[in-house]
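Line by line, the protein sequences give chains B and G. Following numbering that gives the first Met the number 0 from start to finish, the first sequence increments by one per residue and tops out at 199. Following numbering that gives the first Met the number 0 from start to finish, the second sequence increments by one per residue and tops out at 261.
There may be inaccurate statements among the hints.
Partial chain G-side listing against chain B, Cβ under 7 Å, derived [said to hold, decoys possible]: (1) A11; (2) L18; (3) L56; (4) S59; (5) S62; (6) P63; (7) I71; (8) L75; (9) I102; (10) L103; (11) L104; (12) I105; (13) S172; (14) D213; (15) T217.
Because the hints were derived from the structure by calculation, they are not lab data. Note that this is a predicted model, so its numbers are computed, not measured. Where is the CB? At the ideal position from N, CA and C, for every residue including glycine.
Residues per chain are reported as follows:
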Amino acid sequence: MIIFWLTLLAAFASYSDEEREWLVRIKNGDKKAMRLLYRKYKNLLFGMIITILKDREEAEDCLQEIFTQIWEKADYFDSEKGRAYTFIVTMARNKAIDRTRSKQFKRSEKADQTINDFTFIPESEENNPHEDLEFQERAVIVRDALQKLPKKEREVIFVSYYKGLSQSQISENMDIPLGTVKYRMRQGMLKLRDYIALDK
Amino acid sequence: MSNSKKHTDFEALCAGYVLDALSASEKETFERLLKDASPEQIQLFEEMTTVKDELVLASSPLSPSATLEDKIINGLTSNEKPVKDIKQASGLTPAVFKIAAAILLIVTASLSYYSYQLSDTLSSQENRLTELTNQLERQEQLLDILSAREITFVNMNGLDPSPDGYGKIIWDSQRGRAVLQLANLPTPPADRDYQLWLIKEGEDPISAGVFNFDQPSTDLFFQVEQLNEQPSQLSNTFAVTLEPKGGVPQPTGDMFLAGAQD
Numbered sequence: 000m001i002i003f004w005l006t007l008l009a010a011f012a013s014y015s016d017e018e019r020e021w022l023v024r025i026k027n028g029d030k031k032a033m034r035l036l037y038r039k040y041k042n043l044l045f046g047m048i049i050t051i052l053k054d055r056e057e058a059e060d061c062l063q064e065i066f067t068q069i070w071e072k073a074d075y076f077d078s079e080k081g082r083a084y085t086f087i088v089t090m091a092r093n094k095a096i097d098r099t100r101s102k103q104f105k106r107s108e109k110a111d112q113t114i115n116d117f118t119f120i121p122e123s124e125e126n127n128p129h130e131d132l133e134f135q136e137r138a139v140i141v142r143d144a145l146q147k148l149p150k151k152e153r154e155v156i157f158v159s160y161y162k163g164l165s166q167s168q169i170s171e172n173m174d175i176p177l178g179t180v181k182y183r184m185r186q187g188m189l190k191l192r193d194y195i196a197l198d199k
Numbered sequence: 000m001s002n003s004k005k006h007t008d009f010e011a012l013c014a015g016y017v018l019d020a021l022s023a024s025e026k027e028t029f030e031r032l033l034k035d036a037s038p039e040q041i042q043l044f045e046e047m048t049t050v051k052d053e054l055v056l057a058s059s060p061l062s063p064s065a066t067l068e069d070k071i072i073n074g075l076t077s078n079e080k081p082v083k084d085i086k087q088a089s090g091l092t093p094a095v096f097k098i099a100a101a102i103l104l105i106v107t108a109s110l111s112y113y114s115y116q117l118s119d120t121l122s123s124q125e126n127r128l129t130e131l132t133n134q135l136e137r138q139e140q141l142l143d144i145l146s147a148r149e150i151t152f153v154n155m156n157g158l159d160p161s162p163d164g165y166g167k168i169i170w171d172s173q174r175g176r177a178v179l180q181l182a183n184l185p186t187p188p189a190d191r192d193y194q195l196w197l198i199k200e201g202e203d204p205i206s207a208g209v210f211n212f213d214q215p216s217t218d219l220f221f222q223v224e225q226l227n228e229q230p231s232q233l234s235n236t237f238a239v240t241l242e243p244k245g246g247v248p249q250p251t252g253d254m255f256l257a258g259a260q261d
C-alpha cells in the first residue's frame, strides 16, 4: 500500500517539477511561464468550474479571476509544503465555490440548491488530447473508482466537493442524519483511496 | 482518551477535513489531533488529501474561448507588491497593537474553551447517532441481500488461532454482494486487517475485501462489495486470514475462519 502511494507521488513529481519551475518564474513576473501554466490547466479547471457554476460566461470570468489570483499569489506557493497541482486546483475550486456564495450568483437562476445531479460527466467536448494527456490516465482511474462507490457515498462526496457544502448543510439539504453524512463521507473517501490504489 | 478512540476520531474527521466540510469546532479538534498524529494517521491524511486533489479529474475537461488566454495575460499587472508601514497608515504605535492583540488573544482563548466544552458534548451525541444510523444501514443492507431471489449461505468455523470464533457469509452472487458476519475474533493489531477469501475448486483464492474493528463482538456485520464472482459449480470455500493492513493479493497470514458451501 505504501509502495503504491510512493509510486503515485513519484509520478506527480515528474510533471510537478515543470510546474514548480513555472510558478517560480511567475513569482518573478514571467508572463511566458504564465501562458504555459494556463495552457496546461485551462481545460481541466474550466471543466471543473462549469460543473460548479453551470454557466459558460460565469465560468470564463471565474477562470480569469483564478489565473489573476495565481499571478498575484504565486509568492504563497511553497514547494517544500506541497505540489503545484494542489496549489492551483485548490485555489481554483475555492474561487468557484466562493462565487456560488456571492449575492449576485444566488439571485441568478443557477443558484439552484436542489441536489439532484450527482453524475460526474464522463463525456468530453473539445478535448485537446495533446494538452490533456497528462491528466487523462489519472482521470480514467478516478472516474472508475467513483463509479464503483455506492451511490449514496458518491452523492455525499460530490455535493461536498462540487457544491462546497459542509456536512451539516448536506444533512439539511438531503434530509439525512448528520451522522449518516459523516459515515458515508468517511466510507466513500476510504474506498476511493483503496480503489485508486488497486487500479494502479 | 484511549488511543483506539483517538484513532477512530481521527479517521472519522479526516475525510470531512480534507473536503473542507467540517464545522469550525470539528476543524479545530482535527487540527489538534493532527499535531499528535501517528505516522499511520499522517499517511491516512496525506492519502485522503491526494484523493481530494484527484476529484477535479472527475469532471469533463472543456476548452474556454480561444480569446480568453490573451485577455488574461494582457490583464496581468506587474508583480511588484508595495510594503505597508502600519504605523504610518494608522497613526497608532506598535505598543497599542500589542496590547490589543493580547486582549484579543485572551478573549479568543476563553471563547474557544467554552466552545470546546459545548462541542465535546455535541460530539458525543453525534457519535451515538452515527452509531445507531450505521447499525440501521447495516441492517438494511442485510435485509436487502436476504430479499434476493437466490442466496448462498456459508458457515465458517474457528481454527487454531481462535477456535471460539465463527462467521457467516450470506452471498447474493447475482448482484455481486454479500454480508459477512464475524464473531469472537480478537481485535486485529493496528498494522493488520482481516481479509476475506473466496476459494473456488482448483483456483487461487480471490480476495473479497479487508475488514477491521475496534472491539471483539458477536454481531459484527460488514457489507462485502468486492465479490463480483460467480460461484463454482464444484465447491466454494470462504476463509478469513489476518494480513498486513490494506490486504494482500494472495493469503500470507494465519487462517482464523474457514467454511465450505454445503
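Quick rundown of the hints versus the structure:
Interface restraint check for A11/G: the shortest CB-CB distance to chain B comes to about 6 Å, inside 7 Å, so the restraint holds. Because the smallest distance between the Cβ of L18/G and any Cβ of chain B comes to about 5 Å, under 7 Å, the interface hint for this residue holds. The criterion of a C-beta within 7 Å of any C-beta in chain B is met by L56/G, whose closest approach is roughly 4 Å, and the hint holds. Among the interface hints, the one on S59/G holds; its C-beta lies about 4 Å from the nearest C-beta in chain B, closer than the 7 Å criterion.
Annotation: interface hint on S62/G holds; nearest CB of chain B at approximately 4 Å, less than 7 Å. With its C-beta approaching chain B no nearer than about 5 Å, P63/G sits inside the 7 Å limit, and its interface hint holds. Of the supplied interface hints, the one on I71/G holds, with its beta-carbon coming within about 5 Å of a beta-carbon of chain B, less than 7 Å. For the restraint placing L75/G at the interface with chain B, the shortest Cβ-Cβ distance is roughly 5 Å, inside the 7 Å limit, so the hint holds.
Here the hint on I102/G is broken, as its CB sits about 29 Å from the closest CB of chain B, past 7 Å. Of the supplied interface hints, the one on L103/G is violated, with its beta-carbon coming no nearer than about 24 Å to a beta-carbon of chain B, more than 7 Å. Interface restraint check: L104/G against chain B, minimum CB-CB distance 25 Å, threshold 7 Å, status violated. Interface restraint check: I105/G against chain B, minimum CB-CB distance 29 Å, threshold 7 Å, status violated.
Contact between S172/G and chain B, as hinted, is not supported at the beta carbon level, the nearest pair being about 18 Å apart and thus beyond 7 Å. Among the interface hints, the one on D213/G is violated; its C-beta lies about 14 Å from the nearest C-beta in chain B, farther than the 7 Å criterion. With a cut of 7 Å, the hint placing T217/G at the interface with chain B is violated, because the nearest CB-to-CB distance is about 22 Å.
Checked against the numbered hints above, the structure breaks hints 9, 10, 11, 12, 13, 14 and 15 and satisfies the rest.
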